[in-house]
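**Student:** This is what each chain is made of:
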Amino acid sequence: MTQSGGTTVQDTSSKPEREPEREPGTATRTGTEEGGTGTPRAAWRRVLAATLAVALLAAGAVLFVQGRHLRDTPATSNRALTDTAGTNRVVGDVSSALGKVFTYNPRSTAATKESAKRLLAGKALQQYAALFGQVEKQAADQKLTLTSQAVRAGVTRLGTRSARLLVFLDQVSEREGKAATTAAAQLSVTAELRGDRWIIVDITSR
Amino acid sequence: MNARTRSLGGWAVMLAAALVCALGGWSYTQARGDDTLAYAKARDAATADGRSRLARLNSMDGTSAASVKSGLTAWLAASTGPLRTQLERTRKKDTAELAEAGATARGKVTDAALTALDVRAGTAVLIATVDVAVTPRTGKGGTERKRFEATLARTGDGWKIKALDAIPVGSGG
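Sequence order for the protein chains is F and A.
Residue numbers for the first sequence follow my numbering, so the first one is 1 and each next one is one higher.
Residue numbers for the second sequence follow my numbering, so the first one is 1001 and each next one is one higher.
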């Protein structure tokens, strides 16, 4: 601002001459008495203004980069726990889906298979289909009942369309006429948001 | 280009510079004061610390008395609060027993997730699955799969384990 202020003052005083504005050297300015005293001051102001502008730009750039640095971490793209409602929803959907697909009795294998088709997709559905062929037979032959319940579930990664979770299951299996046994299962699950529901697309046993 | 336009140009440059500085400052303070960002960072820090400390607590080199001693020191360093107090209390007994057994265990966290995080209180709850490879002094070793729920507390030296529970089957939801 000092630079322009200085030139403006000089400009009005030297306007009739027309020369000094084209040639801002000392020779032309010494021609006018006012310009003589103003010139070193104007130059000084110009330098000051330029320095200030550069300093402002540099400060802005540094602050911006620092801000980016704070923001640009893998932490920001993961909304696990930071988005409470979203986290609770994916935990609820996945827990209930796992409970449903790993729960059956000799009379309900068809229903379990149906719900699996709704709640699983992709690789998880293939894995499940391969497994469930045996299970179906076993359930009928040995009159086996399995009840699964998620006891703990946590989200490791939550994006807009996909999520990864760790789920602890308790599985109670019961053969007709025998005492029930409980087993633990730990699953790393990948889920995808399809429509308004989280669908399980991959399951890894831990 | 006459002096007037030049002076206007000077003003414009100055204004632009001031604007850039202001925007930079705004962006920085936004990032600085972003609670969600701070929360997300605390979450990742707690998970990473919890994982490494849980692996430590599932590891022990029982080949010699000295290695058991340093293993127990590592256990103490990974724990805080009630768990640390308990480990300190049973340290003598543990040293003798572990050296006697001479087994070596190596814990590896296969997956872990936070189920709760309170940054203000500095506490978090982590669930994790751990593979523990056990090598006895004699005979064949094996790998045990374990599942844990660990309560973490923030300390000056990162997040440490305050309480550790192996979740037994049938513990309910």
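Hints in this document: simulated from the structure, not taken from any laboratory.
These numbers come from a predicted model, not from an experiment.
Incorrect hints may have been included.
What the hints assert, rightly or not - Dumping the calculated SDA-like pairs for lysine to any residue here, alpha-carbon to alpha-carbon at most 20 Å:
(1) A/K1041 <-> F/T103
(2) A/K1146 <-> A/T1085
(3) A/K1041 <-> A/G1158
(4) A/K1041 <-> F/D83
(5) A/K1162 <-> A/E1149
(6) A/K1041 <-> F/A183
(7) A/K1041 <-> F/Q126
(8) A/K1146 <-> A/V1119
(9) A/K1041 <-> F/L48
(10) A/K1108 <-> F/Q149
(11) A/K1146 <-> F/T103
(12) A/K1146 <-> F/K137
(13) A/K1041 <-> F/K137
(14) A/K1041 <-> F/V65
(15) A/K1146 <-> F/D83
(16) A/K1146 <-> F/Q134
(17) A/K1146 <-> F/N88
(18) F/K137 <-> F/G122
(19) A/K1041 <-> F/T204
(20) A/K1146 <-> F/Q66
(21) F/K137 <-> F/S188
(22) A/K1146 <-> A/V1134
(23) A/K1108 <-> F/R206
(24) A/K1108 <-> F/L146
(25) F/K100 <-> F/D83
(26) A/K1108 <-> A/K1041
(27) A/K1162 <-> A/R1004
**Student:** Which of the stated hints cannot be reconciled with the structure, identified by number in ascending sequence?
**Tutor:** Result: hints 1, 2, 6, 7, 8, 9, 10, 11, 12, 13, 15, 16, 17, 18, 19, 20, 21, 24, 25, 26 and 27 break, sorted rising.
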